[in-house]
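Based on the provided sequences and hints, a complete structural model is requested.
The primary structure of each chain is shown beneath.
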Amino acid sequence: MGGYAVYVWPSYLITAVVLIGALVSSIRFLKRNAETLKALQEEDKGEA
Amino acid sequence: MLHRFANPARFMRLSGVLLPWMAGAAIILVAAGLYMGLFVAPADFQQGESVRIMYVHVPNAWMALFSYTAMAVASAVALIWKHPLADLAAKSSAPIGACFTFLALLTGSLWGKPMWGAFWVWDARLTSMLVLFFLYLGYLALYNAFDDPTRGARAAAILALVGFVNVPIIKFSVDWWNTLHQPASVIKMGGPSIDSTMLWPLLLMAIGFNFLYFWVLLLRMRGEIHANKIRMIRLRQVHG
Amino acid sequence: MGRFWHIIRRDLQMAMKQGMDSFMVVMFFVIAVVLFPLGAGPEANMLARISAGVIWVAALLASMLSLERLFQTDYEDGSLELLSLAPYPLEAVVLAKVCAHWLTTGLPLIAAAPLLAVLLNMQTEGFVILAAALALGTLSLSLIGAVGAALILGSRRGGVLLSLLILPLYIPVLIFGVSAVDAAIGGFPMKAQFLILGGFFLAALPLCPWASAAALRQALE
Numbered sequence: 001m002g003g004y005a006v007y008v009w010p011s012y013l014i015t016a017v018v019l020i021g022a023l024v025s026s027i028r029f030l031k032r033n034a035e036t037l038k039a040l041q042e043e044d045k046g047e048a
Numbered sequence: 001m002l003h004r005f006a007n008p009a010r011f012m013r014l015s016g017v018l019l020p021w022m023a024g025a026a027i028i029l030v031a032a033g034l035y036m037g038l039f040v041a042p043a044d045f046q047q048g049e050s051v052r053i054m055y056v057h058v059p060n061a062w063m064a065l066f067s068y069t070a071m072a073v074a075s076a077v078a079l080i081w082k083h084p085l086a087d088l089a090a091k092s093s094a095p096i097g098a099c100f101t102f103l104a105l106l107t108g109s110l111w112g113k114p115m116w117g118a119f120w121v122w123d124a125r126l127t128s129m130l131v132l133f134f135l136y137l138g139y140l141a142l143y144n145a146f147d148d149p150t151r152g153a154r155a156a157a158i159l160a161l162v163g164f165v166n167v168p169i170i171k172f173s174v175d176w177w178n179t180l181h182q183p184a185s186v187i188k189m190g191g192p193s194i195d196s197t198m199l200w201p202l203l204l205m206a207i208g209f210n211f212l213y214f215w216v217l218l219l220r221m222r223g224e225i226h227a228n229k230i231r232m233i234r235l236r237q238v239h240g
Numbered sequence: 001m002g003r004f005w006h007i008i009r010r011d012l013q014m015a016m017k018q019g020m021d022s023f024m025v026v027m028f029f030v031i032a033v034v035l036f037p038l039g040a041g042p043e044a045n046m047l048a049r050i051s052a053g054v055i056w057v058a059a060l061l062a063s064m065l066s067l068e069r070l071f072q073t074d075y076e077d078g079s080l081e082l083l084s085l086a087p088y089p090l091e092a093v094v095l096a097k098v099c100a101h102w103l104t105t106g107l108p109l110i111a112a113a114p115l116l117a118v119l120l121n122m123q124t125e126g127f128v129i130l131a132a133a134l135a136l137g138t139l140s141l142s143l144i145g146a147v148g149a150a151l152i153l154g155s156r157r158g159g160v161l162l163s164l165l166i167l168p169l170y171i172p173v174l175i176f177g178v179s180a181v182d183a184a185i186g187g188f189p190m191k192a193q194f195l196i197l198g199g200f201f202l203a204a205l206p207l208c209p210w211a212s213a214a215a216l217r218q219a220l221e
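Residue numbers (my numbering), protein chains in the order written: chain A, 1 to 48; chain B, 1 to 240; chain C, 1 to 221.
Any given hint might turn out to be false.
Stated by the list, open to error - If you want a taste of the chain B side facing chain A, the calculated C-beta under 7 Å gives, among others: (1) SER50; (2) VAL56; (3) VAL73; (4) VAL77; (5) PRO114; (6) HIS226; (7) ILE233; (8) LEU235.
Said to hold, decoys possible - Listed below are the simulated DSBU-like cross-link pairs for lysine-lysine, each with C-alpha atoms no more than 35 Å apart in a straight line: (9) B:LYS188 - C:LYS191; (10) B:LYS188 - B:LYS171; (11) A:LYS45 - B:LYS171; (12) B:LYS171 - C:LYS17; (13) A:LYS31 - B:LYS188; (14) B:LYS171 - A:LYS38; (15) B:LYS188 - A:LYS38.
Hints in this document: simulated from the structure, not taken from any laboratory.
Idealized CB from N, CA, C, for every residue including glycine.
Put into structure tokens, the structure is as follows:
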């Protein structure tokens, strides 16, 4: 990388880590809420 | 027309269909952009290989501004028409927007060190991007600072609109002030002045990041709709 | 118009009854400025170079202290709701309260600033310009602060949140305010900085009461 490797690769790496991290966190946010909702709805149905 | 999409159930169906396409487009475009940017595009005459940082720095910066604009538009829709999904769209734009802003600042810093000799300078473009980052954080803090989520949504919406004045400042800062940061070379009068071998990976990455934004946006909006339902059920359990 | 002055007078009377508010704001201003020579060392030339920036930053922080309570007491005892229901525009109410805030906070800061400039060994060319720039700047700070104060009503940790929200919006005023003083000291023209500060004020004058009133209405819903 013409001596610039120490600047170029961390740029790409940290971008990947942060963006993939944001993606994963959003997927887990959705999953967690979907599961909680499902559990509460089962509870509701059970009581009804 | 907007109100056709106000129904959460319809949104869940629509977003469920769109999600895999957003994901696919994001992955393919970013992969293509990475390949072109890292292996196909030439090194720059002046900047050498460090110019490759541009292929992450510029898309991050563009998306930082795009996300805030989307957040501001959604906030305006929420305040004016009280569209129920607009609040969620604004709220869901903020975390990813903050990420893009942070990455723009970081990659810019890593590009600045070899090019300008400094990791940071207090010029107009960098300073106003830093302010944008603070605005994102302030928006998130304000939204979550109220027990009543509607109150939080409305207050945050007003803040988003007040802070929007920063976006044109960022865009035109390199034109208005004598800055160290490079002036506009893509989105300007007269069209792009960048070579097409570099323009292509740049656009691929930018559009890929844009699809990533929509991917994350839809995921979070779906999560928020679930969260609202959970809150309703819990309230009913307490009172019923 | 009578209503306008009435609201200002009411806020001023409340401030005077409590008495301590203006005094505490000025004391904070002084203490914050004094921390810098104690922390960064008393070397005279260095202090002179940073004096404009330090005084402006301290003024920003001090003017934020009394903002949290701008609408708080009226919100809690219900008089804000009454004011919003009256046929008198809420934007004018905000403007009146902002005037009172500036009189009890901005004005004392402007008065105290030259003394602090002496403490920081600022060159004498800067004194008058410092007061003038602060005079114009603190008007905008009070206006922008009102928006923040309205947004945080009823929130948790309102005080800290207010700072997070307001300080990014204060930054342009800070940049041009310091620039004006530094230009005066260096013998450079400062017309541009004052024009921009004036521009901020003229823009904030209609926009901030409008945004604050919108936020207040949200809070009262």
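Evaluation of the provided hints:
1. SER50: 4 Å, holds
2. VAL56: Where the cut-off is 7 Å and the nearest Cβ of chain A is about 5 Å from B:VAL56, the hint holds.
3. VAL73: 21 Å, violated
4. VAL77: For B:VAL77, the interface hint is violated, since the closest Cβ of chain A sits about 22 Å away, which is over 7 Å.
5. PRO114: 5 Å, holds
6. HIS226: With Cβ-Cβ at 4 Å, under 7 Å, it holds.
7. ILE233: 5 Å, holds
8. LEU235: 11 Å, violated
9. B:LYS188 - C:LYS191: 30 Å, holds
10. B:LYS188 - B:LYS171: 10 Å, holds
11. A:LYS45 - B:LYS171: 54 Å, violated
12. B:LYS171 - C:LYS17: 48 Å, violated
13. A:LYS31 - B:LYS188: Given pair A:LYS31, B:LYS188 is violated - Cα atoms ~42 Å apart, limit 35 Å.
14. B:LYS171 - A:LYS38: 45 Å, violated
15. B:LYS188 - A:LYS38: 50 Å, violated
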